[in-house]
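Number of protein chains: 2
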Amino acid sequence: MKIGIVGGTGDIGEGMALRLSPLFDVMVGSREQEKALATCTMNRELLRKRGKECSLTGVGNQAAIDGADIIILAVPFKHLVGTLEGLHGFEDKIVISPVNPMEKRDHFTFVPPPEGSAALLVKRLLPQSARICSGFNTIAANKWKALDEDLEYSVPVCGDDEAAKREVMGIVNRISRLRAFDAGPLAASCMVEALTPLLLNIARYNKMKDVGIQFR
Amino acid sequence: MKIGIVGGTGDIGEGMALRLSPLFDVMVGSREQEKALATCTMNRELLRKRGKECSLTGVGNQAAIDGADIIILAVPFKHLVGTLEGLHGFEDKIVISPVNPMEKRDHFTFVPPPEGSAALLVKRLLPQSARICSGFNTIAANKWKALDEDLEYSVPVCGDDEAAKREVMGIVNRISRLRAFDAGPLAASCMVEALTPLLLNIARYNKMKDVGIQFR
Chain Y
1 MKIGIVGGTG DIGEGMALRL SPLFDVMVGS REQEKALATC TMNRELLRKR
51 GKECSLTGVG NQAAIDGADI IILAVPFKHL VGTLEGLHGF EDKIVISPVN
101 PMEKRDHFTF VPPPEGSAAL LVKRLLPQSA RICSGFNTIA ANKWKALDED
151 LEYSVPVCGD DEAAKREVMG IVNRISRLRA FDAGPLAASC MVEALTPLLL
201 NIARYNKMKD VGIQFR
Chain E
217 MKIGIVGGTG DIGEGMALRL SPLFDVMVGS REQEKALATC TMNRELLRKR
267 GKECSLTGVG NQAAIDGADI IILAVPFKHL VGTLEGLHGF EDKIVISPVN
317 PMEKRDHFTF VPPPEGSAAL LVKRLLPQSA RICSGFNTIA ANKWKALDED
367 LEYSVPVCGD DEAAKREVMG IVNRISRLRA FDAGPLAASC MVEALTPLLL
417 NIARYNKMKD VGIQFR
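Just so you know, the protein sequences line up as chains Y and E, in that order.
Just so it is clear: in the first sequence, position 117 is 117 by the numbering used here, and no numbers are missing.
Just so it is clear: in the second sequence, position 100 is 316 by the numbering used here, and no numbers are missing.
Note that these hints are calculated values from the structure, not bench results.
It is possible that part of the hints are untrue.
The calculated label-pair distances, taken between Cβ atoms and stated as ranges, are [what the hints assert, rightly or not]:
| id | chain 1 | residue 1 | chain 2 | residue 2 | range |
| --- | --- | --- | --- | --- | --- |
| 1 | E | Pro343 | Y | His88 | 54 to 64 Å |
| 2 | Y | Gln128 | E | Met217 | 50 to 60 Å |
| 3 | E | His295 | Y | Asn206 | 27 to 37 Å |
| 4 | Y | Asn206 | E | Ser271 | 25 to 35 Å |
| 5 | Y | Glu103 | E | Ala254 | 40 to 50 Å |
One side only, chain E facing chain Y, incomplete, derived with CB under 8 Å [what the hints assert, rightly or not]:
| id | residue |
| --- | --- |
| 6 | Val297 |
| 7 | Thr299 |
| 8 | Ala399 |
| 9 | Gly400 |
| 10 | Pro401 |
| 11 | Met407 |
| 12 | Pro413 |
| 13 | Leu414 |
| 14 | Ile418 |
| 15 | Asn422 |
| 16 | Val427 |
| 17 | Ile429 |
| 18 | Arg432 |
Here the structure is a predicted model, which is why all the values come from computation and not from measurement.
We treat Cβ as the ideally placed atom computed from N, Cα and C, and that holds for glycine.
Based on the sequences and whatever the hints tell you, model everything.
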């Protein structure tokens with residue numbers, strides 16, 4: 001199974017590639033292929049030092065979509081529409097949105113688009129056959145990259161295509177000690193996306209770092 | 217310190233009284249004082265069987281406000297406005313809103329009032345000197361009542377009055393193994409209230425019961 005990361009050289013994308021590439025074939029996409037190649041070289045080195053094999057290919061964002069079965073949109077909300085408008089080929093593919101629409105005022109606030117959530121916005125912009133799920137919304141970039149730490153978090157996954165959702169949950173459950181939870185249809189993704197500004201507020205007001213969640 | 221529970225004979229209020237009355241003086245309020253007295257008798261009996269002393273007084277909702285320093289609004293969202301319209305005397309008191317505005321469609325959805333959250337609606341309805349916090353939003357009624365179980369959950373608390381928020385967090389931290397977290401100003405309470413429909417969806421779609429959260 002090939003996983004393509006659109007925005008794979010960003011903070012989150014880079015960490016995702018580190019955790020995913022020992023388990024799956026990962027295509028790291030970027031607007032500039034050179035940056036993607038550099039990220040792959042760096043990640044390969046980091047993993048080799050830990051004695052881990054990995055499968056990493058640095059490509060442009062479009063090639064990451066064309067070459068993969070599952071695509072992760074590791075893009076900040078403010079660049080989501082612009083990024084998707086320049087790309088195509090999402091037909092029949094599983095597309096994972098970890099995107100959280102939020103703003104920092106004096107505190108962090110969930111500010112969804114008119115569709116209700118970033119995942120629903122993705123659904124509107126992509127072809128109808130794209131199998132969209134939200135997932136990985138609440139894992140901080142630093143935690144993705146902290147390879148010596150277990151990721152002991154719960155990961156809510158939303159989606160309207162049950163088979164796609166099961167596949168995404170299966171991927172989640174293979175990464176470190178993440179545990180996937182079915183959080184319902186894509187229409188319920190707003191409540192998942194609202195978790196991230198909440199967790200950023202918890203971190204800020206309690207002097208913590210990279211706060212995550214567990215359901216129990 | 218006296219805690220008054222408006223709606224103290226409802227599902228949540230009854231359980232709160234069970235957990236709070238061995239620690240604090242609790243005034244269980246109800247629209248009908250007889251119901252409040254019956255709840256107190258039942259709770260006293262349940263606690264006595266476990267060898268626990270408690271301080272419980274059954275009163276009307278107005279008397280629970282008048283007699284207490286801290287008031288918990290244990291009222292479902294749909295009855296919140298109606299209940300508050302019939303009550304007064306909130307001046308200078310700490311008022312805790314555990315209320316979650318939500319609807320069950322095919323899944324549970326956060327449906328906030330125009331103010332942005334139930335806590336902000338409470339703020340608009342009560343006198344300016346009332347010191348409003350949101351808190352206890354995500355603890356399920358069954359868990360409040362399950363006296364043989366520890367409550368190992370995180371409890372986000374929002375509020376604009378820092379001293380009131382610290383006091384509420386202190387109360388939270390005395391109950392079982394609950395741990396309070398400052399979740400920012402009252403304007404951030406929408407993200408806390410949205411947790412409950414999320415947790416209900418997690419329970420529903422993963423065949424779980426009374427799901428709670430931990431920040432970590």
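Results for each hint:
For Pro343(E) and His88(Y), the hinted distance range of 54 to 64 Å is satisfied, since their beta carbons lie about 58 Å from each other. Look at Gln128(Y) against Met217(E): about 58 Å separates their beta carbons, and that is inside 50 to 60 Å. A hinted range of 27 to 37 Å holds for the C-beta pair His295(E) and Asn206(Y), which are about 33 Å apart. Look at Asn206(Y) against Ser271(E): about 31 Å separates their beta carbons, and that is inside 25 to 35 Å.
Here the CB-CB span from Glu103(Y) to Ala254(E) is close to 49 Å, well matched to the stated 40 to 50 Å. Of the supplied interface hints, the one on Val297(E) is violated, with its beta-carbon coming no nearer than about 23 Å to a beta-carbon of chain Y, more than 8 Å. Interface restraint check for Thr299(E): the shortest CB-CB distance to chain Y comes to about 26 Å, outside 8 Å, so the restraint is violated. At a threshold of 8 Å, the smallest CB-CB gap from Ala399(E) to chain Y is about 5 Å, leaving the interface hint in force.
Of the supplied interface hints, the one on Gly400(E) holds, with its beta-carbon coming within about 4 Å of a beta-carbon of chain Y, less than 8 Å. At a threshold of 8 Å, the smallest CB-CB gap from Pro401(E) to chain Y is about 6 Å, leaving the interface hint in force. Satisfaction of the interface hint for Met407(E) is found here, the shortest Cβ-Cβ separation to chain Y being roughly 4 Å, below the 8 Å cut-off. Satisfaction of the interface hint for Pro413(E) is found here, the shortest Cβ-Cβ separation to chain Y being roughly 6 Å, below the 8 Å cut-off.
Given the 8 Å rule on beta carbons, the hint for Leu414(E) holds: about 4 Å separates it from the nearest Cβ of chain Y. The criterion of a C-beta within 8 Å of any C-beta in chain Y is met by Ile418(E), whose closest approach is roughly 5 Å, and the hint holds. Taking 8 Å as the C-beta contact cut-off toward chain Y, the hint placing Asn422(E) at the interface holds, the least distance being around 5 Å. The restraint placing Val427(E) at the interface with chain Y holds, with a minimum CB-CB distance near 5 Å, inside the 8 Å limit.
With 8 Å as the threshold, the beta carbon of Ile429(E) comes within range of chain Y, its nearest partner Cβ sitting at about 6 Å, so the hint holds. Hint on Arg432(E) holds. Least Cβ distance to chain Y is approximately 6 Å, under the 8 Å limit.
Consistency with the previously given hints fails for numbers 6, 7, ordered from lowest to highest.
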